[in-house]
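Heads up: the sequence lines are chains S and F, in that order.
Each residue of the first sequence is one higher than the one before, starting from 174 at the first, in the working numbering.
Each residue of the second sequence is one higher than the one before, starting from 221 at the first, in the working numbering.
To be clear, the hints were calculated from the coordinates, so they are not data collected in a lab.
Some hints could be false.
For lysine-lysine, the following DSSO-like pairs were computed, each having C-alpha atoms within a straight-line distance of at most 30 Å [to be verified]:
| no. | chain 1 | residue 1 | chain 2 | residue 2 |
| --- | --- | --- | --- | --- |
| 1 | F | Lys-258 | S | Lys-313 |
| 2 | S | Lys-393 | F | Lys-230 |
| 3 | F | Lys-230 | S | Lys-313 |
Here are some chain S residues the structure puts well away from chain F; computed CB gaps all over 12 Å [to be verified]:
| no. | residue |
| --- | --- |
| 4 | Glu-216 |
| 5 | Ser-236 |
| 6 | Pro-248 |
| 7 | Glu-264 |
| 8 | Gly-302 |
| 9 | Ala-308 |
| 10 | Leu-328 |
| 11 | Gly-329 |
| 12 | Ala-342 |
For clarity, every value in this text was computed on a predicted model and none was experimentally measured.
We put the beta carbon where it would ideally sit given N, CA and C, even for glycine.
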Amino acid sequence: MTARRALLGGLITGLALLAAPGCAPAAGTRIAVAANFTEPAQEIAARFEAATGHRAVLSFGASGQFFAQIANGAPFDVFLSADAERPIRAETAGLSVPGTRFTYATGRLALWSRTPGLVDARGAVLAQGGFDKLAIADPKTAPYGLAAVETLRRLGLFERLSPRFVTGASITQAYQFTDTGAAELGFVALSQVVRHDRGSRWIVPASHHSPIAQQAVLLKSGAGNPAARAFVAFLKGPEAKAIIRRYGYEAP
Amino acid sequence: MGEVIWLTVKLAGVTTILLLILATPLAWWLARSQAWWKEIIGAVVALPIVLPPTVLGFYLLLALGPDSPLMAPFQAIGIRTLAFTFEGLVIGSIIYSLPFAVQPIRNAFQAIGERPFEVAATLRASPMDAFFSVALPLARPGFLVAAILTFAHTIGEFGVVLMIGGGIPGETEVLSIEIYQLVEALEWNKAHQLAALLLVFAFAVMLSLLLIERRTGRLRP
Numbered sequence: 174m175t176a177r178r179a180l181l182g183g184l185i186t187g188l189a190l191l192a193a194p195g196c197a198p199a200a201g202t203r204i205a206v207a208a209n210f211t212e213p214a215q216e217i218a219a220r221f222e223a224a225t226g227h228r229a230v231l232s233f234g235a236s237g238q239f240f241a242q243i244a245n246g247a248p249f250d251v252f253l254s255a256d257a258e259r260p261i262r263a264e265t266a267g268l269s270v271p272g273t274r275f276t277y278a279t280g281r282l283a284l285w286s287r288t289p290g291l292v293d294a295r296g297a298v299l300a301q302g303g304f305d306k307l308a309i310a311d312p313k314t315a316p317y318g319l320a321a322v323e324t325l326r327r328l329g330l331f332e333r334l335s336p337r338f339v340t341g342a343s344i345t346q347a348y349q350f351t352d353t354g355a356a357e358l359g360f361v362a363l364s365q366v367v368r369h370d371r372g373s374r375w376i377v378p379a380s381h382h383s384p385i386a387q388q389a390v391l392l393k394s395g396a397g398n399p400a401a402r403a404f405v406a407f408l409k410g411p412e413a414k415a416i417i418r419r420y421g422y423e424a425p
Numbered sequence: 221m222g223e224v225i226w227l228t229v230k231l232a233g234v235t236t237i238l239l240l241i242l243a244t245p246l247a248w249w250l251a252r253s254q255a256w257w258k259e260i261i262g263a264v265v266a267l268p269i270v271l272p273p274t275v276l277g278f279y280l281l282l283a284l285g286p287d288s289p290l291m292a293p294f295q296a297i298g299i300r301t302l303a304f305t306f307e308g309l310v311i312g313s314i315i316y317s318l319p320f321a322v323q324p325i326r327n328a329f330q331a332i333g334e335r336p337f338e339v340a341a342t343l344r345a346s347p348m349d350a351f352f353s354v355a356l357p358l359a360r361p362g363f364l365v366a367a368i369l370t371f372a373h374t375i376g377e378f379g380v381v382l383m384i385g386g387g388i389p390g391e392t393e394v395l396s397i398e399i400y401q402l403v404e405a406l407e408w409n410k411a412h413q414l415a416a417l418l419l420v421f422a423f424a425v426m427l428s429l430l431l432i433e434r435r436t437g438r439l440r441p
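With the sequences and hints as input, model every part of the structure.
This is the structure in structure tokens:
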């Protein structure tokens, strides 16, 4: 079992094999979707299928792992990343069709606690204290984590609060840490808390951090696939944008 | 990098020592008991082999969190949660590696059979005496295998630590987490180095296990 976990390369190859050609439906397209965009992507894909008759097969996972898989030949047609960096990398590495990279959603950051009344409407709780752990996503890999760090630096609280950080591998995990109460406070994605009104929250002003741009690219294997091109066009259209906004993102 | 390796070895070492102490009476009971329900306990002990580590980790996050009844006695002395602490990781690792310690020791106890204990009894050895001077020495290869497996399994542990660790440097950020983060951050060169280290380690472990097996096989009558 040790070896299994150590051999990440093997895992990547295995996943790539699972998604190998042969299991795709006719007139379909395979889309790699960042896990944080799961729900809106499912809704968009359903609308897309109803509107165009094409099938969209969605795979969900961490953007970094998708990038590694795509770089090693995983047959995805479109890549919806959770950030801008990996699509840019895909472009420079020649994995995508030039000129197809675009921002499909801009994320908003929220400071959230499941305890009602703990987070005030201006986020003053960060300076006041009264909490032990603050959950964030890993700033080295997750754009929401980076945005959280930028926000704290802007507020002049980074040095004071960084010893209280607990770091989730992804924004999903930062939310889990906060939702279980293991951390009293967490910087989460607005999209994670927009569908309920539990606890207390502060929606961090977009001016506090650089934009959390989630970008997409058409990959080389999708260049000649009409279904893939249709999906990209649909994602830029008004129907998709309305769905994206409803899930707590901004749509350009 | 040194800090990460040291922390990982420390976690595996502490887990191995505590787990050997815990697993020995459990394995003894499983090997010797006549109770009809002992295999129910045996199955519970074996559960971590089957459960996905992230599932186990998620339940541990709940069990070590502020809502958990298990945490009530700790909250009385001012500890709100054991998640995100080294102690929490030790608890998680003990549960996660439990079957890898219990099974080899149980097998070793069972392989001894009844005969040596009957002889010990005729020599007026108390059951306690027989356990320490007959069972333990005869089961030594089992303990060695259990220690190596537990240590190695804890070094390679990922899902549980990911779920309850929180990636705090020097406290919960272990080797497998570091490799995962490096891959996610696209720093593949550093990830390769650490992964190669782990690969060599895993090979050494498997090799030593096989050598132990061969030697004890030869020693057996």
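Results of checking the hints against the structure:
no.: 1; hint: Lys-258(F) x Lys-313(S); result: violated (48 Å)
no.: 2; hint: Lys-393(S) x Lys-230(F); result: violated (46 Å)
no.: 3; hint: Lys-230(F) x Lys-313(S); result: holds (26 Å)
no.: 4; hint: Glu-216; result: holds (26 Å)
no.: 5; hint: Ser-236; result: violated (8 Å)
no.: 6; hint: Pro-248; result: holds (21 Å)
no.: 7; hint: Glu-264; result: holds (14 Å)
no.: 8; hint: Gly-302; result: holds (15 Å)
no.: 9; hint: Ala-308; result: violated (8 Å)
no.: 10; hint: Leu-328; result: holds (22 Å)
no.: 11; hint: Gly-329; result: holds (23 Å)
no.: 12; hint: Ala-342; result: violated (6 Å)
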